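Trainee: The listed protein sequences derive, respectively, from chains H and V. Residues 1 to 117 (the working numbering) are what the first sequence spells out, left to right. Residues 1001 to 1110 (the working numbering) are what the second sequence spells out, left to right.
Hint data in this document are derived by calculation from the structure and do not stem from the laboratory. Hints may contain errors.
Using 27 Å as the maximum straight-line C-alpha spacing, the simulated BS3-like pairs for lysine-lysine come out as follows [unchecked claim]: (1) Lys1045/V to Lys20/H; (2) Lys1079/V to Lys1042/V; (3) Lys1079/V to Lys64/H; (4) Lys41/H to Lys1042/V; (5) Lys1042/V to Lys64/H; (6) Lys66/H to Lys1042/V; (7) Lys1045/V to Lys1002/V; (8) Lys20/H to Lys41/H; (9) Lys14/H to Lys64/H; (10) Lys1042/V to Lys1002/V; (11) Lys66/H to Lys20/H; (12) Lys41/H to Lys1045/V; (13) Lys20/H to Lys1042/V; (14) Lys66/H to Lys14/H; (15) Lys14/H to Lys1002/V; (16) Lys41/H to Lys64/H; (17) Lys41/H to Lys1079/V; (18) Lys20/H to Lys64/H; (19) Lys55/H to Lys20/H; (20) Lys1045/V to Lys1079/V; (21) Lys41/H to Lys1002/V; (22) Lys41/H to Lys14/H.
From a predicted model like this one, the values you see are computed outputs, not experimental measurements.
Residues per chain, in single letters:
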Amino acid sequence: GAVVSQHPSWVICKSGTSVKIECRSLDFQATTMFWYRQFPKQSLMLMATSNEGSKATYEQGVEKDKFLINHASLTLSTLTVTSAHPEDSSFYICSATYGTGVNQPQHFGDGTRLSIL
Amino acid sequence: RKEVEQDPGPFNVPEGATVAFNCTYSNSASQSFFWYRQDCRKEPKLLMSVYSSGNEDGRFTAQLNRASQYISLLIRDSKLSDSATYLCVVRGSSASKIIFGSGTRLSIRP
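Given the sequences, and given the hints that come with them, work out the whole structure.
Mentor: Quick look at the structure:
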């Protein structure tokens, strides 16, 4: 079945550091990937839609200069949290849809737990 | 009004019980519907898609009511391992419009 791999699974770093998270579709090509953030005991919040070969589409309230998204190939999207601060600590999850049909479900990566000290 | 609404719970039921959740959506043009489960500190995992005619997968039954704009999930003979948060997901006509409900917490007690 469709598999999405996310790396790293856990990051702890100092305030001011930039952190890159990778999302790969392992056995299929994904023209569109999605990045979510989830705070404890809260729902998933869509941050942005990553489109291969073009700019990402950010949701309202998400700073594009803060959260840089690059979808350089059909199997890889990266999210870079620039100059991370403690309030950026969260669970970041990517997903991809196998195929283009609207009935296709999303498949999620394992998530990245980011802790900024 | 939220685009997708779920009862947050928690639902606390004994093992073996039948439990049902509903999820309402506001956009009548929504095209596809899914139930996911999310365990604590883990990523969501697809439980089942929801088809117009209703569908069943083992102990799980999903139904869609387009007229009233809700989907439901029924779990029969609940197991301890069913304890999780169940997320309702609604997808619009475009690939980018995917809305998650806030989730319903289910706790199965022995």
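Trainee: Determine for every hint whether it applies to the structure shown.
Mentor: Do the hints match the structure? See the list:
With a C-alpha separation of about 24 Å, the suggested pairing of lysine 1045/V with lysine 20/H holds against the 27 Å cut-off. Between lysine 1079/V and lysine 1042/V the alpha-carbon distance is near 19 Å, which keeps this suggested pair within the 27 Å criterion. Annotation: proposed proximity of lysine 1079/V to lysine 64/H is violated, straight-line Cα distance about 43 Å (limit 27 Å). Between lysine 41/H and lysine 1042/V the alpha-carbon distance is near 12 Å, which keeps this suggested pair within the 27 Å criterion.
Under the criterion of a C-alpha separation no larger than 27 Å, the hint pairing lysine 1042/V with lysine 64/H is consistent with the structure, at around 26 Å. Of the pairs offered as hints, the one joining lysine 66/H and lysine 1042/V holds, with about 25 Å between alpha carbons and a cut-off of 27 Å not exceeded. With a C-alpha separation of about 23 Å, the suggested pair lysine 1045/V and lysine 1002/V falls inside the 27 Å cut-off, and the hint holds. In summary, the hint linking lysine 20/H to lysine 41/H is supported, as the alpha carbons are separated by about 24 Å, within the 27 Å threshold.
A hinted pair counts as satisfied when its Cα atoms are at most 27 Å apart, and lysine 14/H with lysine 64/H qualifies at roughly 21 Å. At roughly 25 Å between alpha-carbon atoms, lysine 1042/V and lysine 1002/V fall within 27 Å of each other, so this suggested pair holds. At roughly 12 Å between alpha-carbon atoms, lysine 66/H and lysine 20/H fall within 27 Å of each other, so this suggested pair holds. Annotation: proposed proximity of lysine 41/H to lysine 1045/V holds, straight-line Cα distance about 17 Å (limit 27 Å).
Between lysine 20/H and lysine 1042/V the alpha-carbon distance is near 20 Å, which keeps this suggested pair within the 27 Å criterion. Note on lysine 66/H and lysine 14/H: the hinted pairing holds, with a Cα-Cα distance of about 16 Å set against a maximum of 27 Å. A hinted pair counts as satisfied when its Cα atoms are at most 27 Å apart, and lysine 14/H with lysine 1002/V does not qualify at roughly 36 Å. The hinted pair formed by lysine 41/H and lysine 64/H meets the criterion: a straight-line CA distance of about 25 Å does not exceed 27 Å.
Between lysine 41/H and lysine 1079/V the alpha-carbon distance is near 23 Å, which keeps this suggested pair within the 27 Å criterion. With a C-alpha separation of about 14 Å, the suggested pair lysine 20/H and lysine 64/H falls inside the 27 Å cut-off, and the hint holds. Restraint check for lysine 55/H and lysine 20/H: the C-alpha separation of about 17 Å stays at or below 27 Å, so the hint holds. About 18 Å separates the Cα atoms of lysine 1045/V and lysine 1079/V, which keeps this hinted pair within 27 Å; it holds.
Among the hinted pairs, lysine 41/H with lysine 1002/V is consistent with the structure: their alpha-carbon atoms are about 18 Å apart, no more than 27 Å. About 24 Å separates the Cα atoms of lysine 41/H and lysine 14/H, which keeps this hinted pair within 27 Å; it holds.
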